[in-house]
Amino acid sequence: MSFSEIRVVRGPTINKGIITVVGIIPASTLVLHHYVPHRDVLKQEGYQRNPIENRISKLAHDLANKKVDLPTSVLLNLRNVQSDDVLVQKPNDNYILQLDPHKAENSHRLYVVDGQHRIRALKKAINDFDADISNIKIPFVCMVGADETREMEQFHIVNSNAKSVPTDLALELLKARYDKDPEFKSVVQMTGMQWQVDAQRMTEMLTSKNTIWKGRIRLPNTTKGETIVPSASFVRSLKPLLGTTTLFSGVNDINKQVQILDSYWKGIRRILPDAFDEPSKFSIQKGVGVDVMHSIFLIIMDHVRNNNDSLFKPESYAAFLNDALLELEGRNGLGESVSGVDFWRAGKNGAAGSFTSAAGKLRLSEYLRILLPDLVI
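The sequence shown begins at 1 in this note's numbering and counts up one residue at a time.
Note that these hints are calculated values from the structure, not bench results.
Label-pair restraints from in silico Cβ distances:
hint: 1; residue 1: Lys103; residue 2: Pro166; range: 40 to 48 Å
hint: 2; residue 1: Ala359; residue 2: Asn127; range: 38 to 46 Å
hint: 3; residue 1: Ile254; residue 2: Lys43; range: 55 to 63 Å
hint: 4; residue 1: Asp323; residue 2: Asp277; range: 20 to 28 Å
In silico DSS-like pairs for lysine-lysine, Cα to Cα no more than 27 Å straight-line:
hint: 5; residue 1: Lys175; residue 2: Lys224
hint: 6; residue 1: Lys66; residue 2: Lys185
hint: 7; residue 1: Lys209; residue 2: Lys266
hint: 8; residue 1: Lys239; residue 2: Lys58
The model shown is predicted, which means the values in this text are computed figures rather than measured ones.
Glycine is no exception: its CB is placed at the ideal position from the N, C-alpha and C atoms.
Using the sequences and the hints, build the whole thing.
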């Protein structure tokens, strides 16, 4: 078997005089030569976290079905070799990186500093799905001659300074891909993520239309200003409406869904107007409030329908919620009993702040359900 010859260019020289090269490597060559130095505590060697197998399997499946590309570079190292052993210089600072497949498990081993899941997914696509990856090429940066300490240093730099995409932006990008990519749309529909797309769309509509939420939901890459709840929190709060039953999601027109939800919140405002006039001083439109009020929304909606009232009129919801919201009682941070609008005051003057955990929100939802009048069928 002949050498694998990869065209590369000289990259920057990093700490301790280690040179780097940059190029594009065939996936089959990368799979053959790669090695992931996982951390072995007993041997006190390696530094990589153990891979997440579900993540690898999903990516391998998508690669085998040609649903994804891998355009981002991986970071590699040819450990303890001399540059002259693997690099042949060409004009204009170009080089040929020569890798001997017979040495793939020793001196020509490519140690993976960053990108193990992508490479392992390529390997799994070949072994488990018999995928043809002959046309797949992966961008890479490769250190030449660095030892394990230098690899570990670069691994730490990459991962300690990396920042994941914020959840609110990730949800917006999910919706954008859904709208523009028919194949991705099918994936979303098959994998149970449809509610996230719908919830993101509704959230954006609520804050852009003339609704009770206009200017109060903070969208991705926007300043806080006078907003009081991040869009990601609002999107997550809508899951009970969209993910478990067709009672609300069965309203096929998203514009009508937005109108219904806006009417629901306008009904709440009729009962607790002060909390909406100065929203930053109360918690009803913050995380705990939207989570709890959305968790009981389907009960309220079911009552309105059974009572033959309009889903688009705030008074339909206010009539059913009035007593429960006014009777809602708890102890604030000063040890005082507070109820009604005072329950929702922010900080130590209100009681809602003691219900911000997941368990707390669940308790508060149950408390409100108990206070609601019996549903007449």
